[in-house]
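One-letter residues, chain by chain:
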Amino acid sequence: MVRSIKDGPDVIYIDRHYIHEVTSPQAFNGLKQRGIPVFRPKNTIATADHNIPTKNQHLTIHDELSRNQVERLAENCKTHGIEYFGLNHSKNGIVHVIGPELGYTQPGMTIVCGDSHTSTHGAFGTIAFGIGTSEVEMVLATQCILQPKPKKMKITINGKLGKGVTSKDIILYIISEISTGGGTGYFVEFAGSAITSLTMEARMTICNMSIEMGARGGLIAPDETTFEYLRKVPSIHGVNDFDKALSEWKKLKSDEGAVFDKELFFDAASIKPMITYGTNPGMGMAVDDSIPQSDTKGGSSSESFLKSLNYMGFKPGMKLMGQPVDYVFIGSCTNGRIEDFRAFAHLIKGRKKADNVTALIVPGSKLVEDLMKKEGLIKVYEDAGFEVRQPGCSSCLAMNEDKIPAGKYAVSTSNRNFEGRQGPGARTLLASPLTAAAAAVTGKITDPRELLNN
Amino acid sequence: MPKEKFEILETACVPLPLENVDTDQIIPARFLSATSRDGFGDNLFRDWRYLKSGEKNPDFVLNNPKFGGKVLVTGKNFGSGSSREHAVWAIYDYGFRAVVSSFFADIFKNNSLNNGLLPIIISEDLLKKLHSQIQSDPSTKVRIDLEKQTLTIISTGDSVKFEINSYKKECLLKGLDDIDFLLTMKDQIKEYENNKSMVK
Chain S
1 MVRSIKDGPD VIYIDRHYIH EVTSPQAFNG LKQRGIPVFR PKNTIATADH NIPTKNQHLT
61 IHDELSRNQV ERLAENCKTH GIEYFGLNHS KNGIVHVIGP ELGYTQPGMT IVCGDSHTST
121 HGAFGTIAFG IGTSEVEMVL ATQCILQPKP KKMKITINGK LGKGVTSKDI ILYIISEIST
181 GGGTGYFVEF AGSAITSLTM EARMTICNMS IEMGARGGLI APDETTFEYL RKVPSIHGVN
241 DFDKALSEWK KLKSDEGAVF DKELFFDAAS IKPMITYGTN PGMGMAVDDS IPQSDTKGGS
301 SSESFLKSLN YMGFKPGMKL MGQPVDYVFI GSCTNGRIED FRAFAHLIKG RKKADNVTAL
361 IVPGSKLVED LMKKEGLIKV YEDAGFEVRQ PGCSSCLAMN EDKIPAGKYA VSTSNRNFEG
421 RQGPGARTLL ASPLTAAAAA VTGKITDPRE LLNN
Chain Z
1001 MPKEKFEILE TACVPLPLEN VDTDQIIPAR FLSATSRDGF GDNLFRDWRY LKSGEKNPDF
1061 VLNNPKFGGK VLVTGKNFGS GSSREHAVWA IYDYGFRAVV SSFFADIFKN NSLNNGLLPI
1121 IISEDLLKKL HSQIQSDPST KVRIDLEKQT LTIISTGDSV KFEINSYKKE CLLKGLDDID
1181 FLLTMKDQIK EYENNKSMVK
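Protein sequence lines, in the order shown, are assigned to chains S and Z. Letter 263 of the first sequence, counting from 1, is numbered 263 in my numbering, and no numbers are missing. Offset between the second sequence (1-based) and my numbering: plus 1000.
Read the hints as simulated data drawn from the structure, not as lab findings. These numbers come from a predicted model, not from an experiment. A hint or two may mislead.
Computed footprint of chain S on chain Z; a stretch qualifies when at least three of its residues, placed anywhere within it, have a C-beta under 8 Å from a C-beta of chain S [claimed, not checked]:
1. 1131-1142
2. 1165-1172
With a Cα cut of at most 30 Å, we get these calculated BS3-like pairs of lysine-lysine [claimed, not checked]:
3. K78/S x K1190/Z
4. K251/S x K1148/Z
5. K374/S x K349/S
6. K1056/Z x K315/S
7. K1070/Z x K1003/Z
8. K1052/Z x K250/S
9. K149/S x K1052/Z
10. K272/S x K262/S
11. K1196/Z x K78/S
12. K319/S x K55/S
13. K1196/Z x K151/S
14. K297/S x K55/S
15. K91/S x K154/S
16. K1052/Z x K151/S
17. K6/S x K1190/Z
18. K149/S x K1056/Z
19. K1169/Z x K151/S
20. K1056/Z x K262/S
21. K1005/Z x K149/S
22. K1190/Z x K149/S
23. K149/S x K1141/Z
24. K1148/Z x K151/S
25. K91/S x K250/S
26. K1174/Z x K32/S
27. K1174/Z x K1196/Z
28. K151/S x K1190/Z
29. K374/S x K55/S
30. K1005/Z x K315/S
31. K1141/Z x K1005/Z
32. K244/S x K1190/Z
33. K408/S x K1056/Z
34. K1148/Z x K42/S
All residues carry an ideal CB built from backbone N, CA and C; glycine is no exception.
Assemble the whole structure, with the sequences as input and the hints as a guide.
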């Protein structure tokens, strides 16, 4: 913290700033109008991810506005000396996938990006959160940001996860318990044996979706799993002496007896594979459960609750198992990492894609795509009748062509099931890569545990 | 750069009594390809405001001639989801200057304050009362006085004091900008950087 303003926000210094094409152009325009440069260009890393095609990336972007936006980012990075992993760059990918895998995200950092899923980086014990474009401009201009102090929440999940239950199910379960606004005003620390036993990829999925319960950010204290991940990253940007950095990182944990404004406890063993049935991520349930009669946990009015079910074409009390599915999407900053594609592949191996399903298989980055090739996963997907696309945010927010048509059902590993999120009129059911894979091969909503047992 | 100063508002309200309205509803992602801040108001609440045919949806409040005014009165957890500031630009560009709810998503609240849109938090009870008042009499006016931090329903006389941190209040009243403030701190920021690198 640089300075605290009396009765006002704190001035926070930002160690790492990620930018992408959609929320940065107006910020660069602002600098131009003020006639000022980027203050610390080396602290900012750029990628094109939100508004790019996932097919034929070597060709010109078809949509004129999208092309213009990506070109503007390239120009702005060139003008200001910012490292840019643009389309067709060997390190291109979704901003929250490439930051960690390229060694830019490191424990103890303050990290921001004009994207709400910046909370992903909290998995490394960072203070990471999403910001608006005015704030992107602040960081570009001064490397600082003004932020009110958040309250602190700790969520402890102890116990062992059941078969077929993933970190995506943990976070969907928590959000279903505390609602989509239950974390608003808080920074959340996730702890407990069910969290510390997770890989870094799985931890990122949890921190990624902390924004979906309204939390400013989510974090997990770095431990041996974190350090092991960082040891394997080809280069840790700005760190020459790994052991020295490691000794600093090891100091990063909440003090013994630290006081939180709110503490919640959950038992991992009671979590089943989850699926959402409504139009916010808090409207989730176990895949074999029935849709509740009202929003008892979230406390929404029956007007909002029924509007949501009506949009989805569902009714209170309905079971979703066996409901036909039209689309399956695996990818995004939530579940677009190598481990997610391995899990999906594990389930589809030896099976075939259901005829009624259109699948969008979109790696989170070029490096993830390369690994999929190296590990023979692409062949597993192709043998099962799936086509693997090129990296990008794709159908998670459907800014590009990867839209789900109106009225169609998509089981999606992404993070938001808002109305129209995956295309106007699209109906999204959020789930884990395993549950998505089960839907992809059966053509209907299926409990992945049924297929894993075979 | 100076922005429009926040003046006392005395205006009718537009009611949107839904909870968890996310920024994807406020401005859908397919309208985010622009590179300027202008013109987003045309697509505010696009998919609720227009039918698939492209015609106006007569059931949506923005198309109901009974309702108008510069204050949007919403349900709890307004502005959740994506950090897109375009949502605030759309609301402001449409003509709203304040949004009332029982609570706002954090990023949306910050974005609003950075753009001269005042997010006013009132109790769930008062919010309910305000909604029913507006429904029964669409010409219901509120008076919002930022200096005094009060929101008053003029016809009923119900008045409430709302919270805002004093720095942000000052910024809104004077039309000041965080970046201008931060730019005056460059020396302190450099000093912070020097101290930090010495620790390493």
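Is the straight-line distance between the alpha-carbon of K6/S and that of K1190/Z 30 Å or less?
-> Within the cut-off at roughly 21 Å; holds.
Hey, K272/S versus K262/S, does the alpha-carbon distance stay inside 30 Å?
-> holds (25 Å)
Pair hint outcome, K319/S versus K55/S [Cα-Cα no greater than 30 Å] | Roughly 36 Å between the alpha carbons, so the hint for K319/S and K55/S is violated.
Given the hint that K1005/Z pairs with K149/S, does the C-alpha gap stay at or below 30 Å?
-> holds (26 Å)
Given the hint that K1148/Z pairs with K42/S, test it: the Cα-Cα distance must not exceed 30 Å.
-> violated (44 Å)
Can the restraint linking K91/S and K154/S be considered satisfied, given a maximum Cα separation of 30 Å?
-> Given pair K91/S, K154/S is violated - Cα atoms ~35 Å apart, limit 30 Å.
Pairwise hint evaluation, K78/S against K1196/Z, where the allowed Cα distance is 30 Å at most = Distance of about 28 Å is within 30 Å: holds.
Straight-line alpha-carbon gap K1190/Z to K149/S, limit 30 Å | holds (23 Å)
With a cut-off of 30 Å on the C-alpha distance, tell me whether K1052/Z and K250/S pass.
-> violated (55 Å)
Is the hinted pair K1148/Z and K151/S satisfied, with a Cα-Cα distance of at most 30 Å?
-> holds (27 Å)
30 Å Cα cutoff - pair K1141/Z, K1005/Z = Measuring from Cα to Cα gives roughly 21 Å; hence the hint holds.
Between K149/S and K1056/Z, does the CA-CA distance stay at or below 30 Å?
-> violated (42 Å)
When the structure is compared with the earlier hints, violations turn up for hints 1, 4, 8, 9, 12, 14, 15, 16, 18, 20, 23, 27, 30 and 34 and for no others.
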